[in-house]
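2 protein chains.
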Amino acid sequence: MQRIFDIDPWHIRTSQFDPAQRRLQESMTSLGNGYMGMRGFFEEQYSGDSLPGIYIGGIWYPDKTRVGWWKNGYPEYFGKVINAVNFIKVEILVNGEPLDLAKDTITDFQLDLDMRQGLLTRRFTLIRNDVKLAFQFERFLSIATKELAAQRIQVTNLSQAAVHLEINSVLDADVSNEDANYGTHFWTVQELQAQATQGYLQTETIPNDFGTPQFVLGVLMSNDCQGLAPQTGTDNGVSVSNRFVGELASQGQATLVKKTIVTTSRDYTREQLKTRAAELLKTVASQSFAALLAASAEQWAQRWAKSDVQISGDDAAQQGIRFNLFQLFATYYGEDARLNIGPKGFTGEKYGGATYWDTEGFALPVYLGIADPSVARHLLQYRYDQLSGAFHNAKQQGLKGALYPMVTFNGIENHNEWEITFEEIHRNGTIAYAIYNYTKYTGDETYLKAKGIDVLVAISRFWADRVHYSKRRGKYVIHGVTGPNEYENNVNNNWYTNFLAQWTLKYTLAQLPKVSAEKQTELAVSETEQAHWRDIVDRMYLGVDTETGVFIQNDDFFDKDLQPVSTIPREQRPINQHWSWDKILRSPYIKQADVLQGIWYFIDDFDTETKRKNFDFYEPLTVHESSLSPSVHAILAADLHDEAKAVEMYARTARLDLDNYNNDTDDGLHITSMTGSWLAIVQGFAGMRVRQGQLHFAPFLPQQWTGYEFRILFRGRLIQVSVTKTGSQLTLLQGEPITVDLAGKPMKLIAKEAD
Amino acid sequence: MQRIFDIDPWHIRTSQFDPAQRRLQESMTSLGNGYMGMRGFFEEQYSGDSLPGIYIGGIWYPDKTRVGWWKNGYPEYFGKVINAVNFIKVEILVNGEPLDLAKDTITDFQLDLDMRQGLLTRRFTLIRNDVKLAFQFERFLSIATKELAAQRIQVTNLSQAAVHLEINSVLDADVSNEDANYGTHFWTVQELQAQATQGYLQTETIPNDFGTPQFVLGVLMSNDCQGLAPQTGTDNGVSVSNRFVGELASQGQATLVKKTIVTTSRDYTREQLKTRAAELLKTVASQSFAALLAASAEQWAQRWAKSDVQISGDDAAQQGIRFNLFQLFATYYGEDARLNIGPKGFTGEKYGGATYWDTEGFALPVYLGIADPSVARHLLQYRYDQLSGAFHNAKQQGLKGALYPMVTFNGIENHNEWEITFEEIHRNGTIAYAIYNYTKYTGDETYLKAKGIDVLVAISRFWADRVHYSKRRGKYVIHGVTGPNEYENNVNNNWYTNFLAQWTLKYTLAQLPKVSAEKQTELAVSETEQAHWRDIVDRMYLGVDTETGVFIQNDDFFDKDLQPVSTIPREQRPINQHWSWDKILRSPYIKQADVLQGIWYFIDDFDTETKRKNFDFYEPLTVHESSLSPSVHAILAADLHDEAKAVEMYARTARLDLDNYNNDTDDGLHITSMTGSWLAIVQGFAGMRVRQGQLHFAPFLPQQWTGYEFRILFRGRLIQVSVTKTGSQLTLLQGEPITVDLAGKPMKLIAKEAD
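Taken in order, these protein sequences are the chains called A and B.
Sequential numbering from 792 applies to the first sequence in this note's numbering.
Sequential numbering from 792 applies to the second sequence in this note's numbering.
Next comes chain A alone, as it looks inside the complex (with noise of 0.2 Å):
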C-alpha cells in the first residue's frame, strides 16, 4: 500500500512533490470525457521520469503480432490505442532558462484533481535566485463539448525584479508510444498552419498490413495571452506554436487560455476536418475559461446527482468509491455505441486500451444502476455490431458460431497468448450473460427479440461445437480452457465454462420462441439443433466433489496440495511477482472468483448451503491478484451474512489505485476494476436483488461507518437508499410509484412532490 494523495471526499489533492512518485501522480491525475482523455503528465518540459499519454476513444494502429512460436490460430496483429498529438504542451522560458520541475527548485506544491467538475490544478513557486513565480496550470477536457480541451495558465511574478517570460503553446505531433514494436512513430504529419495565436494540426497513421483504418486527427488550438506580447506562429514540420513573449513586471500576472479542438476520421472526412474543428472552436471562442468550465462542471452535476455514493464515517472510503465512479465516468459513459471501456481507459498504453470481458463483467451491472439504459444498452449494441468478427474469430479456431474476442477494437480477436486467446472462452458466456442481465434489470425485451437473439444463437452455436462427448463420462465435456482464473492454463471441465455454456444453451432456447417469426426464419435453428442444444443442456458434465458437495473448479483440482493463502509467507505475495508460472500453475490459489464469478451471475439461483460450501472453500484460495476479484468475493461475504468478511474485500477494491494495492498504478488506472466498490456496497452491503422484476435490499451497515447512502436508477424511477445506525430508507426521487422490498418486507414508495 502506497497512498500518495490526501483523503478528501471530493478531491485528490498532495502538496508533495516526488519525482519518485510521477508516474503513480499522472495515473491518479487523469482526465477524459468518453471522447479523449489523458495522464496527468505537465504541460510544461520536464526531464524526470515521466509517462506521457494523451488518447482518442477508438484511435488505434494494429501492430504485427510478434512470439516466439508462432501457432496457427493466432491473431496477425494486436491493436493498441496510440499516444496521439501532444495538445497541452507549452513550455515556459523563464529568463531563456526552459522551467523544469525536475531540475528547478519549488516551494507551496499543490496539485489538486476536483472530481465534482473534473478540473485538474497545479500550484508552485518557482525560486530561482532573486527569481520568485506563482505558477498555476488548470486544465479540464469538455463534458459540454467533448472535442474541446481547456487550460488555463497563470504566473505571477513575486520577485522583487522584472522577469523576462516566455511561453510557447504547442501542437506537437512528434510522440511515440512506450510500449511499441521498434519503437514506431505513429503518426505521420499531413498538414500544419501557424498563425500568431492558432494553430493547426493534421496528423494520420501510418499505413498497416492488416486492412484495418488510418485515423486521421485534426487538432485546432486558439491561445489567448494576456500581458505577453503574441509573435509569428511557427512550425517546424512535426508541431506548431504559438509564442508569447515580455517582461514580467514585479507583481505581474500572465494568463494564457488554450483552447484546443480535437476532430477526427471516426466522425468526418479527411477534408472536413479542418472546417469542423475551426466550426467547434468558432462556438467556444467567446466564452472564458470559467464559462466553458461552468458547463462542463454542470454536466458532471448531473452526472453526481444519478449516481453520487455518500459513506459517512469513513472520508477514505468516501473517496474512494467518488475517485472510481471519476473515473468510470471519464472513461465511458454511453455516448457513443462504437466505444467500449478499456481495462486502463485512457489512463496508460496497457492493454492496449481495447475491450475485454470486464466491460459485460463487471461494468454493465453498474451502468444499469445508475445510468440511463442508453448507456448500458449502447455496450450491447457494441458487441451486436462485432458480430461478424466473432464470426471470424470461431472460425479461426475451426468452430461454429460466434466466438467474442478476449481483447479487441473491431470485433476481431487481439491477444496472442494461446492458453487466453484460445481457451479462456468463458468470456463468450458474459457476453450472454449481459444480454440477460440488462433484460433483467430493465424489463425491456426489444433489444433482446431484435438483436439480442442473433447473439445468443451464435454463441450457443458455438458452445454447441465446442463441448465434446466424453464416453467415458456419458456426458458432455469442455477441454482445454483457461477459465477466469487465469492460474490455471488449459484446464478441462472449468465449472464456470461448462456452467455458462449449459445456461447459455437454455436461455437462448428459453427466449427463441419469443422472437418473431421473420426473425425466427433468419435465425434458422433447425428442431434438430434445438433437440442437439437440450441434449447438451441436459447433459453437461457439471464437476461436484463428492466428498465436500463443492463444485470442483475444474478437472484434477481437488488432487491439488490444498493449502490456504495464509499458509504463502507474506514475502511471497503477489505470487505472480515471486513465483515461475509453473509454480503458480501447479498451486491451489486462484487468482480471481472463478467458481465464485459463476454463483454471483446467478446467486438467487442456488441455496445458501451451496454457497456457503463453496465460498468458504474458495475463499480461502483465492489471492485476489486480479483487481476485479475482491468486489465479487465482498458481494457473496454479504449474500452469505459475513459482513466482516464483506467489509475487508471492499477494502481491498475501493481504494485499489488511491492506495496502489497491486503495486502496478503508475502503468495506469484500473478503469474496469472501479466497478467494484459500487458493487459491493450496491450488491454487498445494500443487498440489492432483482427479483421477477421487483428491486430487494437488504442492507447492513459496515461497522466502520455511520452510514452510507446511494442512488439507483430501476425502471423509470430514481430511488435513493439511505443506511444508517438506526436502519434503512428508501426514497422515491423521481418517477412512478413503485413497491420495493426491503429487508423481506414490501414498501411501497411514492415521489414527494417537487419542491
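Fair warning: there could be bad hints in the mix.
[To be verified] Reference listing, derived: stretches of chain A covered by chain B, where coverage requires no fewer than 3 residues with Cβ under 8 Å from a Cβ of chain B:
1) 1182–1189
2) 1260–1268
3) 1412–1420
Hints are computed from structural coordinates only; laboratory data are not their basis.
Cβ coordinates follow ideal geometry from the N, Cα and C atoms, glycine included.
Take the given structure of chain A and dock chain B to it, following the hints.
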C-alpha cells in the same frame, strides 16, 4: 514428398537447377566437420532466393527474450547460432559482368555431394552470346585438419575467342542471420589484412547484456590462382579480397585453390588467433587440393568402416541411411566435449543450433553402436559440465536439484514458451537415462561412479521436489507438465514423465551404494532423503485404464474423442499446418511417441501383451509430426513382429529430408532425427538388444529388400551383421571372441586372422 536429387548409393546428385528449390538444395548439400559447417549456398554472388549460412561449433549469441506476456522464470535470453564470416565467397566477373545463376543462362548443370569423401562439386556451362565457359566448383571441410576449409574453382574457356576473367576471393564479415531481432549484425571487425594472395579477417561478436562470452574468430585465407594474375589485396572495412585478373584464351583454363583456416577464441586467446591460423596454414600450404582432400577422405573412410549400413535391393533406402549418417557425423563426431548436436546441426538457423534432449534420447544410442565409446562419453561429459546451469534452471522455478534445459548452449535454459520451458521436464529423465544407457551398453561404470552419480542425484532431487502428494488419490502425482507429445500442454500425470521420474529415483537409489565413500559424503544423500525417494518410488501414480489396461498418457486422455488419425481428411494433414492450436490440444492426436517412448527406453521390461496393447492403442492416434517419432514406432512394431508397420515407419524416417516429407527441409536438415533410420534398422529390423551385458539380435528382412548389412561396435569388438533372404550372419571383424545371441541362440564369434 518432394524428391529433387537422384537416387544413388553414395551421392546426392542432380542435374536440375531450379531457383525455386535453391534453399532445399542448399540444406541437402550441407557440409560439416564437427568443428564447423555450412549450407550448400553458392560461392559466387547469387541474386535469387537463398539462405547462406556458415556456422562455427560453439559460437553463438544471446538474444534478448521477447514475449507478449512475460512470466516469471523465463530465461533472459535465447541463444542463437550465428552466421559466421563468409569465407567461401568468390566473386566472378566474365567480361566485366558478374556471374549470377539467377540471371545467367547455363547448361550442363551438375551438383554432387560425394558422401564417401565429403566433397561438394558443382559444374555448369555459362552461355552468354558467344561466350561459353565451363565452371567447376569443389569444396570440403577437412576432417584431418578441422580448422581447414578448402575450395577449388576451375574455369575453362569453351568460346572461340578469349574472355576477360576476374576472380575475387573474399572473406566477408558483412553477414547477418535471417532470424534476428531487429536485423542485428552480430559481428564487429577487429582486424583486416590483405596481401596479394592472402587475407586475414578477425571479428568479434557484439557485446551482450547477459555476461556470456563474446567470441572472436580469426579467418585466414590463402589463394593460389593458375591462369590469372594476382592484384593488390584490398579491404573495405568489412571484408578482404584477393583479386585475380586475366584474359582466358580459347580452351584456356584458370584454377583457383582457396584454403581457409578458422581459429576461434574457444581454443586460443585473442592474441593467438592470427599466429595459430598462420601456423595451421603453414602445415597445409604446400599440399595440393587433391592431397588435402585425400587426407580428409581417409578419415571419412575410417568412419564408414565402422558404421556403414548396406542395403541391397533398395537404392533409395541405401541412399537415405548413408545421407543420415553422413550428416550426423558432419555435425558431431565427439572430438570436443564442449559441443553437442543441434537439431539442425550446421545446416540452418532454426532451433538456434542449440542442444535439445534429442541428443540423449536419439543420438547417443547411435553413437554407442557405431563410434568409439569416447564419443558417447563426451556427450555425457557435456551434461556433467553444465550441471551448474541445471541447478540454476531448477532454482528459477523455485525447485531443488537440477533441471536440464530444453534448449541450451551453456546449461542455462534458453527457451521461452512456458508450456515447454517450464513444463517439458521429462527431458530431465532422459539425461538420467543416458547414463544408464551408456553404462548398460559399454559395461563401463567408471563414468557413473565418478560423475554420472552427481547428475543422477541432482536430477532425483528435482523430481522429489517436483512431485506432490495427492490426498485424494493416496499417490504422488506430477501436475502441469508437457510430455514428448507437445500437442498436449500443461497436463497432469503424463505417464511417461511420472514413469521416468520414478525410474530415476529407483535407479539412483540403486547406484548410490556403488560409489566411493568419499563421493557419498560429497553427495550427502541422507537416510531420510533416501527414504523419501523410496516412498515416492512406491507410491508414484501411473495411470492405467481399467477397461483396456492401456497406460493413460495423462489425466483425462480417455475422455477425449478418440478417433484414429485415419479419420482426419488428407488435406488437413499435417494438422500443425492446418488446425488452430486449441483444436490440436483438444484432439487425441499425438505429435510423437509419448507412452511408447517410455516403453522403447525399457523395451525389455514390459511383457509383450502390455507392449502390444499400448502400441495398438497409441499408434493409430499418432500423427508423427515430429521427425523423431516414426523410428520409435518402427522399433516397437518390429518388436511385436508387425513387420509391415515397422517398414512403413522406417520409410518415414529414412528419407525424411531427402524427400522433404515435412515440407520444411529448406530451413535445414533434421540432424537429430537422422538417427532414426539407423535405430529402425538396428534395433528394429535386426532387433538388437543388450541383456545382462550380452548382445542379442533377432533380425528380419523387409520384403522389398534382398539384404542388409551393418557393423556394430560393442565392448571392443566390431561385429558385422548380415541379413539376407537365406538368413542372418554375424561376423566378428575385430576384437576378442564374444558370445552373441542370434534369434534366441547363443553364438560364439571369433575374429578371423587379418588377411
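Against the structure, the hints:
1. 1182–1189: Coverage by chain B holds for the segment 1182–1189 of chain A (3 residues, Cβ < 8 Å).
2. 1260–1268: As far as the segment 1260–1268 of chain A goes, the hint holds, because 5 residues have Cβ atoms under 8 Å from chain B.
3. 1412–1420: As far as the segment 1412–1420 of chain A goes, the hint is violated, because 0 residues have Cβ atoms under 8 Å from chain B.
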